[in-house]
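Chemist: Each chain, written out:
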Amino acid sequence: MAVIEAAGLVKEYERGVRALNGIDLSVEEGEIFGFLGQNGSGKSTTIRILTTLLAPTAGAARIAGLDIRRDAGRVRERIGVALQEAGLDDLQTGAELLLLQGRLYGMGGARLRRRVAELLELVDLADDAKRPIRTYSGGMKRRLDLVSALIHAPSIVFLDEPTTGLDPIGREAIWRYIERLNQEDGVTFFLTTQYLEEADRLARRIAILDAGEIVAQGSPAELKAEIGTDVVTVQVAAPEDARRAAEVARGLAGVADVRVTENSAAVYVADGGAAVARIVRLLDDAAAPFASITLAQPTLDDVFLRATGYYLQVDDAGEKRAD
Amino acid sequence: MRTAGATYYLVLRALRESLRQPEVELPNLLIPLFFLAVIVGAINQIAPEAFGVTNYTGFQVPVAMAQAVAGVASVSGIVIVMDIERGYFDKLLLTPAPRIALVLSRLLADAVRSMVIAAVILPIGLAIGSPLETGVAGAVVLLLLMGAFGAAYSGIGMAISLRSGNPQAAQLGVLLFFPLLFLSPAFTPIEVFEPWMRAVAEVNPVTYLLGGMRSLILEGWDAAGLAYAVAAVAGLGAVTVTAAMFALRFRAR
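Protein sequence lines, in the order shown, are assigned to chains A and B.
With the working numbering as the guide, the letters of the first sequence map in order to residues 1 to 323.
With the working numbering as the guide, the letters of the second sequence map in order to residues 1001 to 1253.
Hints were generated in silico from the structure; no laboratory data involved.
We put the beta carbon where it would ideally sit given N, CA and C, even for glycine.
Treat the hints with care, since some could be wrong.
Partner residues are not named here, just some residues of chain B that face chain A (Cβ under 10 Å, in silico) [claimed, not checked]: (1) ALA1006; (2) TYR1008; (3) ARG1013; (4) PRO1098; (5) ARG1163.
Label pairs and their in silico Cβ distance ranges [what the hints assert, rightly or not]: (6) A:GLY73 to B:THR1242: 19 to 25 Å; (7) A:LYS130 to B:PHE1178: 40 to 46 Å; (8) A:GLU118 to B:GLN1168: 39 to 45 Å; (9) A:GLU213 to B:GLY1235: 48 to 54 Å; (10) B:PRO1131 to A:ASP127: 54 to 60 Å.
Go ahead and model the full structure; you've got the sequences and the hints to work with.
Modeler: What follows is the structure in structure tokens.
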């Protein structure tokens, strides 16, 4: 049964900026659905619409069968949300924040206190529960924000880039919580991410968003299989060398597609093993310089490149850029 | 979650903020007391002869109280902008708590904080020579009036903050009080005003607020004066709270 459904979602901001251009999606109960895209592609706008924070310009969406416009209050009772910025009040302690959050969901008494203790334990914050949040590290804040979305045990959880800016250990910890909640409690997750490995590991299905439109959708395995070829990547030193290598590779029989990025040309070819030697020969014959050449099975990187025309990259601060 | 319950817990959160950062409230107390001291110090001697006010300290205590309350009630607008900036306001909007509770809780917390700061200034005023003709009952009415004014004034900062989400704009809540104060009989009786200024003062709610407070301090029970003060605060509140609710609708659309 689909618990998140959207049809023809459009969002136009003031001055005619169109952030979403007709989003259709359907997420099944108990699924982890990954939403991939670069900065400004419309991921956060989609999440803000689905969670009732923003009204769409056109289109419709239903959460757990409830219309996001007409039944916004009931939708909010059923969902948990952790947005991109950890939305916390620095003056409260971790325990106070969760208690208030629970009370705003109508919880109280011993049940709420037990739930708060359980969640703080889940994310290893029990010992820090009485400290002001302003003394927490970034990772601790992110974990607290995540469990604050779970206080009322929602069956559907929206996470907007839950691990952005975390170190690998913190990221792994969040992934484990998500997997555990999904497997043990059947929680449905809709998560946006800029990490392809995160989508690959967690998501049963993913959608790739580019300029407000879904350009690819399916399970990671299906999307990789759709490429249908091996990927030979020619690494070069300069952009003009990448274009030259691409021109040379296009002359090879059996090449399905060639995508050029700043420092590489990705050649999609049926028999990659045989193609490598031929590509090297052709590059030599054409005196086209290259630094290295690699052969691989398609990854989500390749799926993303194929779908959008650029690689999704993340720097240390969690900022994405398109090459 | 029903409105009363959500409002109650959010009021507790707002009051906890004040207790945890008392330094934020300190300027709201010290600046009006400073003005009270220097204005009384400068004008006290000439007040009886110049404009017939026999106890100028008592004439100025309501000004200090109203100024302090306006400062206190402007903090909520700034806190709301901070909540918006750090994403906490979105977290509150994402709960099923009725959205009116987000505004109501701030108004009520500001009413409490306003009464507390007024309760600090009033005895200081009495200690430096102000009378209180209506006694303890009058003091209670004064504090209630200040609580109501704090809630009404708080709506200005909240409306600006919710509409703009801008920290600089949020400061306007504090600054707006100065024209309201200077265009009222804050320092001299309205009878000595130039006609144009008198016309402006007569439509200024602060004029009636100060009139009601001064009657309690300097004259005794004056039903008409109090009724005007209550009506002025209620009118101001109706406008500012409506503006805040519209701004919240804009923010949460």
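Chemist: If a hint holds in the structure, say so; if it does not, say that too.
Modeler: Outcome of the hint check:
1. A cut of 10 Å between beta carbons decides the hint on ALA1006 of chain B: the least distance to chain A is about 6 Å, and the hint holds.
2. Hint status for TYR1008 of chain B: holds, given a least beta-carbon distance of 9 Å to chain A, under 10 Å.
3. Look at ARG1013 of chain B: its Cβ gets to within about 6 Å of chain A, closer than 10 Å, so that hint holds up.
4. With a least beta-carbon distance of about 8 Å to chain A, the hint placing PRO1098 of chain B at the interface is held under the 10 Å criterion.
5. The beta carbon of ARG1163 of chain B comes no nearer than 14 Å to any beta carbon in chain A, farther than 10 Å, and the hint placing it at the interface is violated.
6. Under the hint 19 to 25 Å, the C-beta atoms of GLY73 of chain A and THR1242 of chain B, about 22 Å apart, fit the expected range.
7. The given range of 40 to 46 Å is respected by LYS130 of chain A and PHE1178 of chain B, whose C-beta atoms sit roughly 42 Å from each other.
8. For GLU118 of chain A paired with GLN1168 of chain B, a C-beta distance near 42 Å keeps the hint of 39 to 45 Å intact.
9. A hinted range of 48 to 54 Å holds for the C-beta pair GLU213 of chain A and GLY1235 of chain B, which are about 51 Å apart.
10. Distance hint check for PRO1131 of chain B and ASP127 of chain A: the Cβ-Cβ separation is about 57 Å, which falls inside the suggested range of 54 to 60 Å.
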